[in-house]
Amino acid sequence: MSSRIFAALTRDTGGSDSTESDAAAEGDAARSPARTDGGAVADGPGDAAASTDAPSESLRSRFRRSRFLESLPFWGPPGLLVLFFVYGAIGWNFVISLTGWEGLGSPDYSSLSTEMYTRLLTDASFHAAFRNTLVLLLAFTVLSLVVGLLVAILVDQKIRLENTLRTIYLLPMSLSFVVTAIFWSWMYNPRIGLVNEVLRGVGLESLTQAWLSDPQFKLAAIIFALMWQFSGYCMVVYLAGLRAIPDAQYEAARIDGASTVRLYWRVIVPQLRASTMSATVVLVVFALKAFDFLFVLFGVNPGQSADILSVMMYRVAFDRIQWAYGSAVAMVLFAMALGVIGPYLFVQYRRGEL
Amino acid sequence: MSRDNSADSENRLTRRHYVAGAGTLATVGIAGCSGGGDGSDGSDGSDGSDGSDGSDGSDGSDGGDSSAELEIVHWWTAGGEQDAYQALLDGFREEHPDVEIVDNPAPGGAGSAIDTVIQNRVIDGNPPSTFQIWPGQALTPYTDEGLLQDIGDSVWDEEMRSAYLDGVRDLAQPAGNLVAVPINIHRLNNLFYNVSVVEDAGVDPSSIDGPQGLLDAMETVAAETDATPMAHQTQAPWSSLQMWESIFIGQQGADDYQSLIGGDVESLESEVRNSLETLAAYADYYPEDAGSISWDQGNNQVIEGDAAFLHQGDWAAGQYGSADGFEFESDWDMVPFPGTSGVYQSVIDSFVFPTNNPSPEATEKFLNYAGTVDAQERFNPIKGSIPPRTDVPMDEFGDFLSRQFEDFQNSNTQPPAIAHGTAVAPAIQSSLSEVFANFNGSLDVDSAYEGIRDAF
Chain A
10 MSSRIFAALT RDTGGSDSTE SDAAAEGDAA RSPARTDGGA VADGPGDAAA
60 STDAPSESLR SRFRRSRFLE SLPFWGPPGL LVLFFVYGAI GWNFVISLTG
110 WEGLGSPDYS SLSTEMYTRL LTDASFHAAF RNTLVLLLAF TVLSLVVGLL
160 VAILVDQKIR LENTLRTIYL LPMSLSFVVT AIFWSWMYNP RIGLVNEVLR
210 GVGLESLTQA WLSDPQFKLA AIIFALMWQF SGYCMVVYLA GLRAIPDAQY
260 EAARIDGAST VRLYWRVIVP QLRASTMSAT VVLVVFALKA FDFLFVLFGV
310 NPGQSADILS VMMYRVAFDR IQWAYGSAVA MVLFAMALGV IGPYLFVQYR
360 RGEL
Chain B
783 MSRDNSADSE NRLTRRHYVA GAGTLATVGI AGCSGGGDGS DGSDGSDGSD
833 GSDGSDGSDG SDGGDSSAEL EIVHWWTAGG EQDAYQALLD GFREEHPDVE
883 IVDNPAPGGA GSAIDTVIQN RVIDGNPPST FQIWPGQALT PYTDEGLLQD
933 IGDSVWDEEM RSAYLDGVRD LAQPAGNLVA VPINIHRLNN LFYNVSVVED
983 AGVDPSSIDG PQGLLDAMET VAAETDATPM AHQTQAPWSS LQMWESIFIG
1033 QQGADDYQSL IGGDVESLES EVRNSLETLA AYADYYPEDA GSISWDQGNN
1083 QVIEGDAAFL HQGDWAAGQY GSADGFEFES DWDMVPFPGT SGVYQSVIDS
1133 FVFPTNNPSP EATEKFLNYA GTVDAQERFN PIKGSIPPRT DVPMDEFGDF
1183 LSRQFEDFQN SNTQPPAIAH GTAVAPAIQS SLSEVFANFN GSLDVDSAYE
1233 GIRDAF
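Chains A and B supply the protein sequences, listed in that same order. The working numbering numbers the first residue of the first sequence as 10 and each following residue consecutively. The working numbering numbers the first residue of the second sequence as 783 and each following residue consecutively.
Okay, chain A solo, but in the shape it has when bound (with noise of 0.2 Å):
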């Protein structure tokens, strides 16, 4: 049944010949109607006298049957409620931003100007969640690809234990944020932490620190401690890409000489960029994110140092009740993800991936 609703909704494309379209029906029912590209051709023998020769009635059917009006009730509905929940969501929200409102008031949408924007070039607060979110998105999302296309590329060597050290590797992904920086918090200190127990034994007792309190590390120790958590996406992502390269690749590349560090910068890593474009996506949206970690660690507070802008949204919104304020910090925050995804969808689309 729901191959002939899709045959149906396709039918203007596929259905040009209806024995050629029957015959490929005959072996893939849905995949058929979508190679074919015969669009412009009428559909059955009556079809297509309309079509050629009463004008006026051809709009007519062609509009009764045209794709966009057919296929209408299954994209409509949903985005209908997309638009509406989503796009006007955010359009609300850069309509507040563009009032005064704060307290407990309502907002007033009687003069709009630009002054929450102009505020936030001037904020030292903002400057510094800025300059760290840049820092953070950077700096994580390489690390992360970087240690995640490590692992993955030694997990692929036909070790023993495969599974079990594929698991261990994703497990942190699978854990709540309040959970890992918990965890992370105990690692960090700096009397009984692990990490400075480590330094001490190892004899480095002087690169032990106050990781979380001193300025200079605590962002680089939040990015540590999120990379720890999200190698293991990156590493199944690439071990999936890793898995469609045919071994033969590896075998040519052995027979011409390649050293296996040449074998993976010249022949395998470029063929996964597909891997690392996703991946990256997935993390820097992420990145820009990263709120529970922050939150749960310092609170809305987390000082200058480790700022990130989607902590300063919540502290500017939620703990002063400056409602406009966060509502300017949040669209920064859209425009930042837009410029990410944008880009992405359009490299997508232009490569016929969407």
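Incorrect hints may have been included.
Which bits of chain A does chain B cover? Going by a derived footprint, with three or more residues having C-beta under 8 Å, they are [to be verified]: (1) 179-192; (2) 197-203; (3) 260-274; (4) 326-334.
Worth flagging that the hints you see were computed from the coordinates, not collected in a lab. Ideal Cβ positions, reconstructed from N, Cα and C, are used throughout, including at glycine.
Add chain B to chain A, keeping to what the hints say.
Here is chain B on its own, set in the frame of chain A:
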């Protein structure tokens, strides 16, 4: 399942029509629904009066059966707090068995989650019957918009007014009229200490004269023992903020503190800088892991004899009570923070009467009860705080709280606390917290002073 185009073209046509028709109907229906939602959302957001009208209507419709339901939003969900709250509810049930209580906790230390919950509900015109909040300036966002009912006549009768000290009653009327019922008072300017550690170091806490003297005492502790002099935490900024408040009062007195929280920072520049420098000097004597621990983990170091002093509100004493073999006066003791002996810096919880109330009668009953001797006598001994009413018998309270209560009644002044909402509006409190979050890391007096100046 093969497509049979030629044979059932007619059948297909009707099916297509049907699908299209059904789809159109669904679309219209959903558009209608969301359109309706749009309308009500719009009126909620763009026009406060419309929104509240609407919710008035819905209140009215279910008012008949829910008027006796009392919804209380609070953050007392941990250990002793939970028990104290239950004791309060038990007393209320005895007095008013007809009122059904809907308990709605919003857990999160010191109200970190409750603000969000309450603010959203109040903005939506759907407040609970009553909720827990710090009195004083923390109430101003609500009083600015007229969201709290004046309970000066209905709850605060003459008998109750005369039972509260002036400083506490003033906090219940930030905008001139009484809107809150304080139910407990914690003291903030305490210096707790482990008796044996302090004796080992040869320091007599009761003879320390002022915040600078405490610095010398901590130096002695550091030199004479292995213990950490001050079990302070810097993971979250509020502990440093409240210690700075106590240092400021200890150095400059309560009057300067009152003008400071009044916003007059610039004329007190050197005084503020002085207190910040003292606080920066204290940082040498914090635990090594101050940045990774919570205040109660710090307090544990005092219990275990690994630390000498702790500056904290007297909720810290609850932890001593539950520690085995750690007794008041023989193992731990407390003096007012040096320089603040006549001061009872107050951290207070209160209940309020939001307007647009779903259960006005039950709320009034509850607030009346919260202001009685019976309620405060049940609640406070378990909470580890003293009652704001001065006529509550102290039989149940134990030695420590009895002494605190005596200090309270003999205190010259009961200034509010910045770190606990009573002294400054929430926006200023949050800005100051951010200043001290930065100060904890940098110990930079200049930028902290500028931050404090800009916060007001």
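Now for the hints, and whether the structure bears them out:
no., hint, result
1, 179-192, "violated (count 0)"
2, 197-203, "holds (count 6)"
3, 260-274, "violated (count 0)"
4, 326-334, "holds (count 5)"
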